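Residue numbers (UniProt numbering), protein chains in the order written: chain L, 1 to 165; chain E, 1 to 347.
Since the hints were made in silico from the structure, they are not lab data. Bear in mind the structure is a predicted one, so any value in this text is a computation, not a measurement. Please note that the accuracy of each hint is not assured.
As the list claims (entries may be wrong) - Simulated crosslink set (DSSO-like; lysine-lysine; CA at most 27 Å straight-line):
1. Lys33(E) / Lys40(L)
2. Lys155(L) / Lys65(L)
3. Lys322(E) / Lys36(L)
4. Lys157(L) / Lys108(L)
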Amino acid sequence: MEPLSNKRKVLEVKPLNFLERAYLPAIVGGLSTTMKHFFKKPVTISYPEEKREFSENFRGMHSLKRDEEGRERCTACGLCALSCPAEAITMTAAERQKGEEHLYREEKYAAVYEINMLRCIFCGLCEEACPKEAIYLDGDIVPADYLRKDFIYGKDKLVEAPLNQ
Amino acid sequence: METPQLIFSIVLIVVIFLISLVVAMYSTYAERKVAAFFQDRIGPNRAGPWGILQPLADGGKMFLKEEIIPTNATGFLFIVGPSLAILTACIGSAVIPWGSAIQIGGHTFDLQVTDINVGILYIFGVVSLGVYGIMIGGWASNNKYSLLGAIRAASQNISYEISMGLSIIALLMLTGTLSLKEIAEQQHSWHWNVIRQPLGFLLFLVCAFAETNRSPFDLPECETELVGGYHTEYSSMKLGFYLFAEYINMFISSAVMATLYWGGYNYPGMDWVAAHTGPTVAPIIGVVVLFAKIFFSIFFFMWVRWTIPRFRYDQLMDLGWKILIPLAIANIVLTGVGSTLLTHFGY
Ligand code: SF4
Ligand code: SF4
């Protein structure tokens with residue numbers, strides 16, 4: 001049969017010669033290979049103390065952004081929750097009261113905004129869906145924890161620090 | 001035995017016992033570190049600086065684990081198994097000469113617990129007892145994987161003990177004594193037995209790997225086929241005893257190997273050192289040299305473990321019966337002919 005590609009190679013199975021059957025040369029070869037690795041620099045990165053450099057479009061923990069005057073951008077439209085394939089986002093909307101203009105940019109804001117980090121698959125669709133440029137996955141790796149309830153991140157963990165600090 | 005020597009012996013027994021345990025403890029740590037280095041990793045480094053406290057953490061964990069005795073296991077034998085394993089591992093060190101006679105305050109002490117004139121036979125007896133621990137444990141577990149592991153251990157040990165014994169016979173033909181102390185003394189300075197018995201050493205080394213159930217001969221605990229092998233059903237400190245026994249065995253067989261073939265506490269230039277340091281310090285340097293040899297040997301055990309894959313069981317038996325035993329017999333013949341000819345021509 002004509003071979004479809006020229007990649008096929010018929011291997012000849014030769015019986016082992018005496019040196020090969022004696023194991024020892026192969027063992028010595030193996031030992032020297034491992035010894036070479038013994039003196040190599042370890043490739044381990046001791047995470048938390050050391051961190052690997054992330055790529056530019058790395059998607060980490062979410063942060064809810066503020067505008068240039070330090071007001072929360074999110075208007076609780078729910079598009080992020082709708083677009084989320086993992087159904088990780090939930091929120092409760094509230095109306096902005098008089099005197100809160102310096103806190104929230106829009107007339108409606110998210111009183112509660114929670115992301116379940118155990119459900120989230122860090123796909124970034126929430127970021128893409130947001131019409132207000134209010135949510136970005138520009139944070140670090142979500143840290144480990146002991147209890148499931150501690151993985152539900154509220155606004156206290158998600159909202160950016162205020163500008164004047 | 002005089003009283004000072006008796007007291008010294010008792011102290012020595014305790015010290016050697018402690019050293020065996022500490023060496024075994026830190027062998028577990030070293031094994032993980034060495035494995036890590038061979039695989040371009042760092043290894044345990046969280047417990048204390050460089051992970052120095054890791055063995056303590058492991059030990060603590062072992063103690064706190066739940067003690068499980070399976071319902072269908074034979075309760076008494078189930079406990080005897082690991083106890084026997086660790087007991088036989090510990091008593092092997094009694095006949096090893098750790099150094100030449102040391103002088104402290106006008107008294108001369110032997111750095112050896114007891115110099116019985118059949119030291120090698122004693123070692124062999126203890127080593128072959130060691131497999132009972134595994135055998136009994138595997139049998140008493142009432143689990144087919146444990147039983148298979150135990151059977152493997154037993155047949156492997158029997159097969160390799162023969163070639164080990166034969167490789168020693170060639171050595172004994174040259175030394176003419178069974179006492180480990182005399183054998184060590186004969187290898188003064190650089191006259192190490194490995195020079196006269198390279199093939200014998202190689203055979204002994206391979207058999208030592210098999211006897212201690214170390215990779216590439218760790219078939220009794222072959223995870224891929226037997227879950228955990230003979231210690232499948234064990235938990236808590238009983239498992240710890242089995243694992244610990246393996247490391248003590250490694251330490252003892254390294255010590256035996258160093259004494260039989262690598263000159264024990266002897267090293268080139270020891271006379272010069274002895275003349276310059278006196279009869280108290282010189283033996284201590286000898287002990288340090290012996291331990292350096294032992295540690296290198298333990299390192300070698302680990303080096304091999306992280307290099308060579310496990311044998312298949314039939315290959316193991318082939319190697320034992322069809323290659324090592326004939327080689328050992330050939331070695332005996334060669335040694336006999338060689339030494340006769342050398343004596344004949346007056347060397
Ligand atoms: S990153 Fe993806 S999964 Fe996570 S919250 Fe946003 S949309 Fe949902
Ligand atoms: S984060 Fe964006 S998409 Fe989500 S509710 Fe707020 S404004 Fe809407």
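Results of checking the hints against the structure:
For the hint pairing Lys33(E) with Lys40(L), the CA-to-CA distance comes to about 14 Å; that is within 27 Å, so the pair holds. About 11 Å separates the Cα atoms of Lys155(L) and Lys65(L), which keeps this hinted pair within 27 Å; it holds. Distance restraint check for Lys322(E) and Lys36(L): the Cα-Cα separation of roughly 33 Å exceeds the 27 Å cut-off, and the hinted pair is therefore not satisfied. Of the pairs offered as hints, the one joining Lys157(L) and Lys108(L) holds, with about 21 Å between alpha carbons and a cut-off of 27 Å not exceeded.
When the structure is compared with the earlier hints, a violation turns up for hint 3 alone.
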